[in-house]
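In order, the protein sequences belong to chains A and B. In terms of the working numbering, the first sequence opens at residue 1 and continues consecutively. In terms of the working numbering, the second sequence opens at residue 1001 and continues consecutively.
Worth flagging that the hints you see were computed from the coordinates, not collected in a lab. Be careful, since some hints might not be right.
Computed far set for chain A versus chain B, every beta-carbon distance over 12 angstroms [claimed, not checked]: (1) 5; (2) 53; (3) 146; (4) 238; (5) 321; (6) 330; (7) 332; (8) 357; (9) 363; (10) 372; (11) 381; (12) 383; (13) 482; (14) 485.
Dumping the calculated SDA-like pairs for lysine to any residue here, alpha-carbon to alpha-carbon at most 20 angstroms [claimed, not checked]: (15) A:276 <-> A:1; (16) B:1074 <-> A:327; (17) A:84 <-> B:1072.
By construction, the Cβ of each residue, glycine as well, lies at the ideal position given by its N, Cα and C atoms.
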Amino acid sequence: MEFNKLTIHELQEKLRAGSVTSLDITESVFRKIESVEDRVHSYITLTGEIAIKQAREADRRIKEGNAGELTGIPIALKDILCTKGIRTTCGSRILETFIPPYDATVVRKLKDDGAVLVGKTNMDEFAMGSSTETSGFGITKNPWDLDRIPGGSSGGSAAAVAADECIASLGSDTGGSIRQPAALCGVVGMKPTYGRVSRFGLTAFASSLDQIGPITKDVEDCAIMMNIISGHDSNDSTSVPAEVPDYREFLSRDIRGWTVGIPGEYFIEGIDPEVKAATDKAIKTLAGLGVKCVEISLPHTEYCVAVYYIIAPAEASSNLARYDGVRYGFRAPDGEDLLDMYKKTRSSGFGAEVKRRIMLGTYSLSSGYYDAYYKKASQVRTLIKLDFDRAFKKCDFILTPTTPTPAFRIGEKVDNPLQMYLFDIFTMSANLTGIPGISVPCGYTKNGLPMGIQFMANHFEEGKLLQAASAFENNSKIERRRPEL
Amino acid sequence: MKITTQEVGYIAHLARLDFSESEKGKLTTQLNTILMYMEMLNRIDTTRIKPATNAVSLDNVFREDTEQKSTGVKIALADAPDGTMGLFGVPRVLE
Chain A
1 MEFNKLTIHE
11 LQEKLRAGSV
21 TSLDITESVF
31 RKIESVEDRV
41 HSYITLTGEI
51 AIKQAREADR
61 RIKEGNAGEL
71 TGIPIALKDI
81 LCTKGIRTTC
91 GSRILETFIP
101 PYDATVVRKL
111 KDDGAVLVGK
121 TNMDEFAMGS
131 STETSGFGIT
141 KNPWDLDRIP
151 GGSSGGSAAA
161 VAADECIASL
171 GSDTGGSIRQ
181 PAALCGVVGM
191 KPTYGRVSRF
201 GLTAFASSLD
211 QIGPITKDVE
221 DCAIMMNIIS
231 GHDSNDSTSV
241 PAEVPDYREF
251 LSRDIRGWTV
261 GIPGEYFIEG
271 IDPEVKAATD
281 KAIKTLAGLG
291 VKCVEISLPH
301 TEYCVAVYYI
311 IAPAEASSNL
321 ARYDGVRYGF
331 RAPDGEDLLD
341 MYKKTRSSGF
351 GAEVKRRIML
361 GTYSLSSGYY
371 DAYYKKASQV
381 RTLIKLDFDR
391 AFKKCDFILT
401 PTTPTPAFRI
411 GEKVDNPLQM
421 YLFDIFTMSA
431 NLTGIPGISV
441 PCGYTKNGLP
451 MGIQFMANHF
461 EEGKLLQAAS
471 AFENNSKIER
481 RRPEL
Chain B
1001 MKITTQEVGY
1011 IAHLARLDFS
1021 ESEKGKLTTQ
1031 LNTILMYMEM
1041 LNRIDTTRIK
1051 PATNAVSLDN
1061 VFREDTEQKS
1071 TGVKIALADA
1081 PDGTMGLFGV
1091 PRVLE
């Protein structure tokens, strides 16, 4: 049986009943990888031997009646999460040989719970990109159409879940990098509230925006993953010491009487007609569940991309200063002196998009330009936050399309960075404001490409988000298709 | 024009990056397109607006200054391109 096609909760039942072993599941996952990976290329590194060992250990644990929620479940990790003893490249040639001496907190939590590690997934270099095309390790293809991008930057994590090359995965989201590829690959992806999940061991891109989250086959699996990865960590001073509820308990609750806000600014020119139609249909589905729809205004929406592409590269230019060929990673061999070695190492180790963003960030932080760019963007960020504060006084949650169009073709936006940046227009505001967001499948285009709808709620209201997303999923009557590979 | 090729060269030096002349030309064009787009922020009056440096309000986090186990030299140097003699080796700095 193709156990790799099942969800975490379906497999949990089978594992508990003893009708399947973790070894069976893990082997079915690796069989799938063997048959499709050369076409999809979801992974940078596969950890087959470790997985088999962990699966055997999980089966022992289950027999002893000592199983956690993820015991025996094969999970993939974005290659930006540090894994002790396992190469972690961040999709960059500059870290091609980097083997972390420690586990990220989320990785330790998954391991403690008994999860099986399938491998490290492909991504845009240092998570800078919207299509996984900036990876230093090849392009990941969208499992629904191999000529198209899977989205990004967590493109490998989303493609691996969609292609059943793992049961669930973790990604990271700085401007939409979990929700956007989840939408384009027809799976569920959540960016939790800033501070909900520890960032310790997540290689820093833009520290005030980065957050780790799950990519799963359905909303229930998302709740299960959130139960494991959430919570305070003394190793991350920005993680919040707030109680973590059992997210699974929210799933079957009614959302009758709730109010959904629809921001007029999100239905802009350039939005694909099929995406628009699917969004309208989703609004009708919610109305049918007794949810009141109100129009809300987020007047600074059009400024999000400009604000984001000042703040994120500024933080990145500082964070990526550590790659200097001294303590880890690649070093150019022919440096004449220290400065020359730094320049040669960084110039040949980083790809074009990463260098472009380091340049942009260095410029906007440099003397004479700081006020005009970084300070100005930080002020507008305050206004964007106020927009959302006001909006949440009128509604319980906000509904938008996750992306303006379905997946575009490989190469289509590579030479036009600004066009690529504009693709994440609907997801960036959640990072700038720190609120949680989830993307859930909401239908398919005529050509069979999946589309996603985004729910956003106020800080630390992941439970509410999962409740609304689950109600939508159960009532939207969207056929659950799998890509044919 | 927001940024000249010469400025691109200077910023590259600050960022410890090197570009060929043709790369510099292409980068100048691309950065100008992006910086022109950002001009839209000047439409907003932000005179009395406090800048947001983070997504959520953060407080300083304190802890007792207690001794903790450190990584150790061997592990700290394991990934270094030049970690001989128990040190991070770099090209000559002083003449």
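Now the hints, each set against the structure:
1. 5: Holds, since 37 angstroms exceeds 12 angstroms.
2. 53: Since the minimum Cβ distance to chain B is about 22 angstroms, residue 53 of chain A lies beyond 12 angstroms and the statement holds.
3. 146: holds (29 angstroms)
4. 238: Answer for residue 238 of chain A: violated, closest chain B Cβ roughly 6 angstroms.
5. 321: violated (8 angstroms)
6. 330: violated (7 angstroms)
7. 332: About 9 angstroms separates residue 332 of chain A from the closest Cβ of chain B, which leaves it inside 12 angstroms; violated.
8. 357: violated (10 angstroms)
9. 363: Label violated. Min Cβ-Cβ 5 angstroms, cutoff 12 angstroms.
10. 372: Nearest chain B Cβ is 8 angstroms from residue 372 of chain A, so the label is violated.
11. 381: violated (4 angstroms)
12. 383: violated (6 angstroms)
13. 482: holds (36 angstroms)
14. 485: holds (36 angstroms)
15. A:276 <-> A:1: Violated, because 38 angstroms separates the two Cα atoms, which is more than 20 angstroms.
16. B:1074 <-> A:327: holds (12 angstroms)
17. A:84 <-> B:1072: holds (15 angstroms)
Against the hints set out earlier in the document, violations occur for numbers 4, 5, 6, 7, 8, 9, 10, 11, 12 and 15.
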